[in-house]
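Undergrad: Each chain, written out:
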Amino acid sequence: MWKEKAVRVILLGAGSTSILIVILIFFFLGREAFPFFLAPGISELLGTRWIPVSFQRESFGILPLISGSVLVTVLATLIAIPFGVCGAVYISEVALDAERETFKPFIELLTGIPSVVIGFFGLVVLAPLVKEVFALQTGLTALTGSLLLALMAIPTIISISEDSLRSVPKSYKEASLALGASKLQTIWKVTVPSALPGIITAVMLGMGRVIGETMAVMMVTGNAAVITASPFDSARTMTATIAAEMGEVPFGSVHYRALFCVGLVLLLTTFGINIVAQRVLKKYRM
Amino acid sequence: MMKTGATEKAVYFSMRAVTYLIVLVIAYIIFDIVWNGMRVINWDFLTGYPRRSGAEGGIFPAIVGTFYLVLGTIALALPLGIASAIYLSEYAGQGRFTRAIRLAIITLAGVPSIVFGLFGLGLFVIFFGFGSSILAGSLTLACLILPIVIVSSEEALRSVPASLREGSLALGATKWKTIYKNVLPYSMSGMLTGAILGIGRAAGETAPILLTVAAFFLPRLPRSVFDQVMALPYHLYVLATQHPEVAKVRPMQYGTALVLLILVLGVNIGAIILRNHFRKKYRW
Chain A
1 MWKEKAVRVI LLGAGSTSIL IVILIFFFLG REAFPFFLAP GISELLGTRW IPVSFQRESF
61 GILPLISGSV LVTVLATLIA IPFGVCGAVY ISEVALDAER ETFKPFIELL TGIPSVVIGF
121 FGLVVLAPLV KEVFALQTGL TALTGSLLLA LMAIPTIISI SEDSLRSVPK SYKEASLALG
181 ASKLQTIWKV TVPSALPGII TAVMLGMGRV IGETMAVMMV TGNAAVITAS PFDSARTMTA
241 TIAAEMGEVP FGSVHYRALF CVGLVLLLTT FGINIVAQRV LKKYRM
Chain B
1 MMKTGATEKA VYFSMRAVTY LIVLVIAYII FDIVWNGMRV INWDFLTGYP RRSGAEGGIF
61 PAIVGTFYLV LGTIALALPL GIASAIYLSE YAGQGRFTRA IRLAIITLAG VPSIVFGLFG
121 LGLFVIFFGF GSSILAGSLT LACLILPIVI VSSEEALRSV PASLREGSLA LGATKWKTIY
181 KNVLPYSMSG MLTGAILGIG RAAGETAPIL LTVAAFFLPR LPRSVFDQVM ALPYHLYVLA
241 TQHPEVAKVR PMQYGTALVL LILVLGVNIG AIILRNHFRK KYRW
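Chains as they are written, first to last, in this note's numbering: chain A, 1 to 286; chain B, 1 to 284.
Worth flagging that the hints you see were computed from the coordinates, not collected in a lab.
All values derive from a computational prediction rather than experimental measurement.
Among the hints, a few may not be true.
Where chain A lies over chain B, by a calculated footprint (3+ residues, C-beta under 8 Å) [stated by the list, open to error]:
1. 5–12
2. 113–119
3. 234–244
Glycine residues also receive a C-beta, built at the ideal position from the N, C-alpha and C atoms.
Modelling step: build the complete structure from the supplied sequences, incorporating the hints.
TA: Below you can see the structure in the form of structure tokens.
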């Protein structure tokens with residue numbers, strides 16, 4: 001019997017590693033970031049200028065980075081929602097069988113393409129296109145990043161929305177059709193509203209992916225740390241800042257700690273979005 | 001009546017147009033990489049060492065580096081992930097602890113990859129003192145793909161019907177023996193799918209290895225797990241953004257991108273085919 005018990009204990013240990021890793025992630029990000037709260041202090045983080053290397057005075061205000069992330073994320077979400085939802089409704093409700101069977105796996109294939117490859121495509125093909133179409137000085141703008149990120153969020157949105165559209169009971173649609181509603185009315189007034197919680201979750205998970213995305217966004221947004229609301233300006237996100245600067249900072253410096261603070265903000269944001277998305281999904285599970 | 005029909009058709013048409021647009025854009029990305037990369041890839045490119053910071057020569061060290069990283073990652077994540085899935089599917093109850101594990105898995109799946117990089121830097125590179133190394137990188141990537149392995153393995157275990165377990169238990173076998181002899185063999189294929197998806201993810205990630213392993217330019221092969229290595233995704237990033245002659249080395253960039261794309265998409269498509277194959281094989 002000891003063998004059974006040993007196996008059980010080992011498996012329990014393995015099962016707990018996920019919890020352990022999550023705790024360690026929070027702990028080690030906090031550990032490396034914490035001295036920053038003591039030395040320059042939290043008020044330093046709330047500044048509006050991110051100038052990590054300077055001969056006069058460095059400044060570690062993360063507001064420009066947050067505004068960069070927000071700008072790119074909001075734009076990407078606004079672009080991705082209509083495309084993603086339209087695509088999901090089409091594939092689930094309208095498409096021919098042949099289209100349905102090929103399109104969904106094909107679109108899901110995009111989630112498998114490494115973000116650095118997408119970023120490379122954005123840099124070489126999309127950025128010159130954006131530059132030309134909008135007659136800009138450079139194609140490396142917040143808009144370029146948003147377009148690329150929207151493209152990366154669309155498969156997530158389509159995949160999850162389509163699952164939830166499909167799980168709407170057939171009887172709902174039949175009742176609506178029997179009452180004389182057209183197919184289109186049934187889709188927009190019955191099927192889509194019933195699947196709405198799933199669609200909202202899909203959009204939130206897509207957004208989570210967009211906020212956390214690093215390589216693609218770093219390669220095409222130009223990375224100027226300025227507070228702006230214009231999609232045609234260059235923007236610098238939190239993720240890109242960490243990835244671009246971490247390689248050059250001395251271990252333990254204020255700049256190093258500041259980058260961990262940015263990571264902590266990023267972690268808490270995505271954690272929050274995920275928790276809310278799961279709540280929504282659970283509450284309305286059909 | 002006539003009018004409704006016309007609107008309906010117009011709406012369907014625009015929805016179809018949107019869907020086709022998405023599909024076309026994805027197809028174009030793949031086409032662009034394949035078309036431009038094809039002309040660069042040859043035997044020398046795949047087996048040669050890079051020269052002049054990657055402007056000439058091949059990408060052999062980056063291929064080997066990615067191979068080692070993926071190998072290390074899978075060796076760490078697979079046993080842990082499968083054991084974790086067995087616990088969740090066969091042993092765990094409905095209690096608080098189980099819910100905490102599930103929440104942790106969902107959280108892990110949502111953590112941005114750059115944050116995994118910071119975590120790996122803080123814990124493995126600095127705290128454990130592994131330095132920038134294959135070991136630190138593999139450990140970091142293993143944490144990143146763990147949720148993928150757990151979720152797909154658990155799904156595979158749950159798809160084995162309860163009657164197989166009950167039959168074995170009724171004959172007097174112990175719980176572990178039942179799992180080992182009657183559940184694991186039938187869920188192996190599903191677990192394999194999870195492992196393959198994990199490989200695809202680990203091979204393509206850039207941000208975590210940026211902070212934990214990757215060498216900018218290192219035209220030699222690693223000697224131990226404490227060595228730095230080049231890796232395909234990072235090599236592509238460096239060539240595309242950091243190289244002094246960015247436009248001139250474009251062919252090398254496309255070649256690297258294509259090798260990475262073939263590797264990752266090939267792995268993903270393999271996983272899908274395998275899953276479909278075994279779904280047909282075991283129909284309960």
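Undergrad: Establish whether the coverage given for the segment 5–12 of chain B by chain A is satisfied; the threshold is a Cβ-Cβ distance below 8 Å, and no fewer than three residues must meet it.
TA: holds (count 4)
Undergrad: How about the segment 234–244 of chain B: do at least three of its residues have a C-beta closer than 8 Å to a C-beta of chain A?
TA: holds (count 5)
Undergrad: Closer than 8 Å, Cβ to Cβ, for at least three residues: run that test on the segment 113–119 of chain B against chain A and report holds or violated.
TA: holds (count 7)
Of the hints listed earlier, there is not a single one the structure fails to meet.
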